[in-house]
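Going line by line, the protein sequences match chains Y and D. So in this note's numbering, spot 206 of the first sequence is number 206, and the numbers just go up one at a time. So in this note's numbering, spot 259 of the second sequence is number 259, and the numbers just go up one at a time.
A few of these clues could be false.
Unchecked claim - Just the calculated beta-carbon pair ranges, DEER-fashion: (1) Y:621 to D:363: 36 to 42 angstroms; (2) Y:586 to D:355: 24 to 30 angstroms; (3) D:355 to Y:557: 55 to 61 angstroms; (4) D:363 to Y:590: 20 to 26 angstroms.
Unchecked claim - Below, simulated DSBU-like cross-link-like pairs (lysine-lysine); rule was C-alpha separation at most 35 angstroms, straight line: (5) Y:164 to D:296; (6) Y:164 to D:364; (7) Y:30 to D:281; (8) Y:173 to D:364; (9) Y:30 to Y:164; (10) Y:590 to D:397; (11) Y:557 to Y:368; (12) D:296 to Y:590; (13) Y:590 to D:356; (14) D:251 to D:397; (15) D:81 to D:284; (16) D:81 to Y:34; (17) D:356 to D:81; (18) Y:488 to Y:174; (19) Y:368 to Y:174; (20) Y:173 to D:296; (21) Y:30 to D:251; (22) D:284 to D:356; (23) Y:174 to Y:590.
As the list claims (entries may be wrong) - From the derived model, a few chain Y residues whose C-beta atoms are all more than 12 angstroms from chain D: (24) 34; (25) 289; (26) 561; (27) 566; (28) 604.
Treat the hints as calculated values from the structure; they're not laboratory data. Don't be surprised by glycine CBs; every beta carbon is placed ideally from N, CA and C.
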Amino acid sequence: MLTDSSLIAPGMLIPLFPLIGFLINGLFGKYLPKSITGWIASLAVLASFCCVFYMFTNLPSTGSLHIDLFNWIGFANFNISFGYLIDPLSITMMLVVTGIGFLIHVYSIGYMHDDEGVTRFFTYLNLFIFFMLLLVIGSNYLVMFIGWEGVGLCSYLLIGYWFKNDAFNDAAKKAFVMNRIGDLGFLLGMFFILFNFGSLDYAEVMKQASLLPVGSALLVTITLLLFVGATGKSAQIPLYTWLPDAMAGPTPVSALIHAATMVTAGIYMITRSGVLYAMAPFSMEIVAIVGVATCLMAAIIGLMQNDIKKVLAYSTVSQLGLMFAALGIGAFASGMFHLVTHAFFKALLFLGSGSVIHALHGEQDIRKMGGLSKYIKVTFITFLIGSIAISGIPPFAGFFSKDEILSKAFEHSKIIWAILSISSMMTAFYMFRLVYLTFFNDFRGTEVTKKHIHESPSTMTIPLIILAVLSIFGGFIGLPSVLGFAHKFQQYLSAVTAPAQHILDESHAAEVSHSTEWILIFTAVIAAIASILYARYKYISNKEQPAEDASLTGINKMVYNKFYVDEIYETCIVKPLKVLSDLFLVLIDKLVIDLVVNATAWVVGLSGRTLRLVQNGNTGFYVFAMVFGIIVLFVIRLFI
Amino acid sequence: MMRVDNFSVAFSGLAIVLSALIFVLSADFYHNEEKHISDYLAILVFTLCGAMIMFSFSNMAMLFLGIEILSISLYIMAGSKQHDVRSNEAGFKYFLMGSFASGFLLFGIALIYGATNSFHIGNIAAYVSAGQISPMFYVGMLMMLVAMLFKVAVVPFHFWSPDVYEGSPALVTAFMSTLVKIAAFGAFYRLFYLCFFDSLNYIVIILGVVTAATIILGNLVALSQTNFKRLLAYSGISHAGYLMLAVMSMKTGTASAIFYYASGYGIATIGSFAVAILVFKAMKSENIEAFNGLGKKNPFLAAALTMSMLSLAGIPPFAGFLGKYYIFSEAIKNGLFGLTITAIITSIIGVYYYFKVILAMYTKEADETSVQSNIAYTTIIIVCVSVSLLLGLFPDKLMNIF
Numbered sequence: 001m002l003t004d005s006s007l008i009a010p011g012m013l014i015p016l017f018p019l020i021g022f023l024i025n026g027l028f029g030k031y032l033p034k035s036i037t038g039w040i041a042s043l044a045v046l047a048s049f050c051c052v053f054y055m056f057t058n059l060p061s062t063g064s065l066h067i068d069l070f071n072w073i074g075f076a077n078f079n080i081s082f083g084y085l086i087d088p089l090s091i092t093m094m095l096v097v098t099g100i101g102f103l104i105h106v107y108s109i110g111y112m113h114d115d116e117g118v119t120r121f122f123t124y125l126n127l128f129i130f131f132m133l134l135l136v137i138g139s140n141y142l143v144m145f146i147g148w149e150g151v152g153l154c155s156y157l158l159i160g161y162w163f164k165n166d167a168f169n170d171a172a173k174k175a176f177v178m179n180r181i182g183d184l185g186f187l188l189g190m191f192f193i194l195f196n197f198g199s200l201d202y203a204e205v206m207k208q209a210s211l212l213p214v215g216s217a218l219l220v221t222i223t224l225l226l227f228v229g230a231t232g233k234s235a236q237i238p239l240y241t242w243l244p245d246a247m248a249g250p251t252p253v254s255a256l257i258h259a260a261t262m263v264t265a266g267i268y269m270i271t272r273s274g275v276l277y278a279m280a281p282f283s284m285e286i287v288a289i290v291g292v293a294t295c296l297m298a299a300i301i302g303l304m305q306n307d308i309k310k311v312l313a314y315s316t317v318s319q320l321g322l323m324f325a326a327l328g329i330g331a332f333a334s335g336m337f338h339l340v341t342h343a344f345f346k347a348l349l350f351l352g353s354g355s356v357i358h359a360l361h362g363e364q365d366i367r368k369m370g371g372l373s374k375y376i377k378v379t380f381i382t383f384l385i386g387s388i389a390i391s392g393i394p395p396f397a398g399f400f401s402k403d404e405i406l407s408k409a410f411e412h413s414k415i416i417w418a419i420l421s422i423s424s425m426m427t428a429f430y431m432f433r434l435v436y437l438t439f440f441n442d443f444r445g446t447e448v449t450k451k452h453i454h455e456s457p458s459t460m461t462i463p464l465i466i467l468a469v470l471s472i473f474g475g476f477i478g479l480p481s482v483l484g485f486a487h488k489f490q491q492y493l494s495a496v497t498a499p500a501q502h503i504l505d506e507s508h509a510a511e512v513s514h515s516t517e518w519i520l521i522f523t524a525v526i527a528a529i530a531s532i533l534y535a536r537y538k539y540i541s542n543k544e545q546p547a548e549d550a551s552l553t554g555i556n557k558m559v560y561n562k563f564y565v566d567e568i569y570e571t572c573i574v575k576p577l578k579v580l581s582d583l584f585l586v587l588i589d590k591l592v593i594d595l596v597v598n599a600t601a602w603v604v605g606l607s608g609r610t611l612r613l614v615q616n617g618n619t620g621f622y623v624f625a626m627v628f629g630i631i632v633l634f635v636i637r638l639f640i
Numbered sequence: 001m002m003r004v005d006n007f008s009v010a011f012s013g014l015a016i017v018l019s020a021l022i023f024v025l026s027a028d029f030y031h032n033e034e035k036h037i038s039d040y041l042a043i044l045v046f047t048l049c050g051a052m053i054m055f056s057f058s059n060m061a062m063l064f065l066g067i068e069i070l071s072i073s074l075y076i077m078a079g080s081k082q083h084d085v086r087s088n089e090a091g092f093k094y095f096l097m098g099s100f101a102s103g104f105l106l107f108g109i110a111l112i113y114g115a116t117n118s119f120h121i122g123n124i125a126a127y128v129s130a131g132q133i134s135p136m137f138y139v140g141m142l143m144m145l146v147a148m149l150f151k152v153a154v155v156p157f158h159f160w161s162p163d164v165y166e167g168s169p170a171l172v173t174a175f176m177s178t179l180v181k182i183a184a185f186g187a188f189y190r191l192f193y194l195c196f197f198d199s200l201n202y203i204v205i206i207l208g209v210v211t212a213a214t215i216i217l218g219n220l221v222a223l224s225q226t227n228f229k230r231l232l233a234y235s236g237i238s239h240a241g242y243l244m245l246a247v248m249s250m251k252t253g254t255a256s257a258i259f260y261y262a263s264g265y266g267i268a269t270i271g272s273f274a275v276a277i278l279v280f281k282a283m284k285s286e287n288i289e290a291f292n293g294l295g296k297k298n299p300f301l302a303a304a305l306t307m308s309m310l311s312l313a314g315i316p317p318f319a320g321f322l323g324k325y326y327i328f329s330e331a332i333k334n335g336l337f338g339l340t341i342t343a344i345i346t347s348i349i350g351v352y353y354y355f356k357v358i359l360a361m362y363t364k365e366a367d368e369t370s371v372q373s374n375i376a377y378t379t380i381i382i383v384c385v386s387v388s389l390l391l392g393l394f395p396d397k398l399m400n401i402f
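Work out the full structure: start from the sequences and follow the hints.
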């Protein structure tokens, strides 16, 4: 434990800057020129980033800083403080949130420049950063939950940012409802923790949990409930359907919230609760199975999508599945590593797609694109870099993290490895399908659009370039030991993941040998290259184009329609619920409750109207009533 | 003849504050109608004098004197609009019935003097606690009780109050429903606490019947009222019922609960009347319909009246809520479960008629007439609303006086 008091002040400031930015833009935004609000918001995030970076350089990786701001909820037998916990894990998350958050803020200045409600946009965006920081900086589950709910709110507000469009509002509501289902799990998990451990503080909970037997029913319950929360926020089966619809929001929002930061909250939460999960092997298996299944399913759906953002959305779901698979097999640091590199290249890809959409004045259908590499060079090159990175080609960032997960999966279970590898091949294929259809061959849109194609302003291209550089070199923070390097990222996080890792290692097999690992690497790279070449053969050499909606048949149609999951939910859950609620409305509410309430009101009203008649205005009668009352009183008291 | 103690100081202070608020409202109220505003103000101060005697008497003669000073002043004030038939009617009705009650009071005092040979409340209390009580004393006490019940206007001695409240000028109604009611309750509590405390068990059944009848009838009849002043008259009757509950709980020393409740009630009522007077004057009507659309016409007045109504209905965070809470919890401490449950149910029914006014302001269509406030009224309204909010948030300040 580090007690250097010089770190407390910057630690406390971290979430404060975006809050200030939110307040300035939210309260005084209408008095400020529109061009300024974006910069205020960006600077607020940059200031936070500087604080985080200061913490990163000054806090040793073995240290952690615990700041109790105030005692928040105090009851007889438990206390919950509003506290911050700054350690390597939260610093990693905060670097991603503020660093990429800042780039996306700057990008948004260009992207949103002619939008009417730009002040509102930046207000929400700052509020989001504040809640996201609160989520990762909190020292107990309740603070995390505030952040958790807060980012859900901001996500809702930003998906429905263009609120005049009903479809967008529906998407926002869907995201909110799906998240609420997950939140209920999180909330129940918290109640279980509080009830059984008497505290929500991470350190205290982990300490008490490690005293229980491995695999105890309590820990399995808690971890599964928390995982339900994670499936909501991080878009895993069965709650993933909101994320593709969430693409209704402005593209920077998709990049920030629905790719780089908020959706990774589930990964963070499980890593943070590592000890609980390590003590519950059954839950770990569930996490792994759900992760693998989501990874595969989303990758398959991604193969057939024609909306540039939808492809990226399913890709995100798939990559999140990969991260959950990593957590499920006990590779916490690898999951976090992939989270970081994924944040780089997925933010890049989303911003790149935003730049394409910007160039084409809102067109998102890749069937109406093509040949754009000639017109928007910077966007093309950076997008290509992002695609290479996500496909897992060395030495780009995605390669190292993905390869690490695959080799960990191989030592855990060959089946998991095989499915993840197939999904990775699909990823490489659909990403390059996207690249080829968007940037190669001839333009397929209208002539009018073609004339107006233009490269984006520098506020948009500079973040793209920075993210492209990160996507190339970002993986070097975790060079694997097989290449003869020390795994820096893993070492940095080891102080946090060690307790969980320690529990797992006791029951676990040895690592795979270096020769096996080399074979795995080669297999993965060759598979990725083969997928890319196949995509090239199909879409460049054969100049194939995605089929029209109507001409799809059989399995293609099923995949194109996302396995009809939305429709299944609609028929199996939404409709029965609606019927049930209609029934209750007519039977219980209208017939029983209303009748009782109205009858009571009627009786009361009638007695009021009747009693009123006694007051007839005649003084003689009043005096008579008084005398009568007096007599009654005397009779009661003196003669009974 | 008089004894100054915490009780008398606190209640006198409250009476002075309430009178001061009404004083400020008076200048404008009588502005174009009366030639002799000085008469009115002199009588107002005289009434206050009577109220203060009622809070600090230590002698039956002083009690009678205080009540008479208060009452006679009020007979005049109720009839102070000389050319208004209804004002005359109100003054005369009040006088007829009030003198009837005064007769009872005097008769009761005489009987008690006959039994105890003293006017002094200390001596009478000593007589009661000695135990050798003659029937004459009980009859005297019952007669005094009847007179006090008349003054605080509880069922079945309430008949005067709706008619007099409706007929009197609005400001006089405000005065009667706040200062006068509080003065009557102060004297009632003081008389029974200092003088008849040991024989309380003898009349507790009477008080119970009267209280139950009052809170039920007051709230039920208020439901169907269309005149705002009448509505507040019945509201005042039901509040008297709640205060009766506190009087019945006297054994645990409920002076502070009564004081807190009376303060909250008085302040909220004056706030309502201040708004109502402005509306009456602009709309030339005293019905609840006069408030239609006030939320659009004058949002400030509507918000202030809403807050006062919420306080009277007993909705947190206003003083009215905590006042009820204190009284009910004292009543439960004294084992008055049935009455407390009745009181809680009827106070839920009461919410309905307070909201009738609020709904009229915010959901009904407005007409063209505009409603304007002036500096004096605005100040008083702001003071009343903020005090009832502050009392609700920081009740300790008042509750710790006793």
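_Against the 35 angstroms threshold, does the CA-CA distance of residue 284 of chain D and residue 356 of chain D hold or violate the hint?_
Status holds; Cα separation ~20 angstroms.
*Test the statement that residue 604 of chain Y is away from the interface with chain D: the closest C-beta pair must be farther apart than 12 angstroms.*
6 angstroms, violated
*residue 164 of chain Y and residue 296 of chain D: Cα distance at most 35 angstroms?*
Holds, at roughly 28 angstroms.
*Hint consistency between residue 164 of chain Y and residue 364 of chain D [alpha-carbon to alpha-carbon, up to 35 angstroms]*: 31 angstroms, holds
*Beyond 12 angstroms from every chain D Cβ: check whether that's true for residue 561 of chain Y.*
Holds, since 48 angstroms exceeds 12 angstroms.
*Does residue 34 of chain Y lie within 35 angstroms of residue 81 of chain D when you go C-alpha to C-alpha?*
With a Cα-Cα distance of about 63 angstroms, the restraint between residue 81 of chain D and residue 34 of chain Y is violated, given a limit of 35 angstroms.
*When you check the alpha-carbon spacing of residue 368 of chain Y and residue 174 of chain Y, does it fall within 35 angstroms?*
Roughly 28 angstroms separates the two Cα atoms, so the pair holds.
*If you draw a straight line from the CA of residue 173 of chain Y to the CA of residue 296 of chain D, is it 35 angstroms or shorter?*
33 angstroms, holds
*Is it true that the C-beta distance of residue 363 of chain D to residue 590 of chain Y lies inside 20 to 26 angstroms, as the hint says?*
23 angstroms, holds
*Straight-line Cα separation of residue 81 of chain D and residue 284 of chain D no greater than 35 angstroms?*
Holds, at roughly 16 angstroms.
*Straight-line alpha-carbon gap residue 590 of chain Y to residue 397 of chain D, limit 35 angstroms*: 47 angstroms, violated
*With a cut-off of 35 angstroms on the C-alpha distance, tell me whether residue 296 of chain D and residue 590 of chain Y pass.*
33 angstroms, holds
Checked against the numbered hints given earlier, this structure breaks hints 7, 10, 16, 18, 21 and 28; the rest are met.
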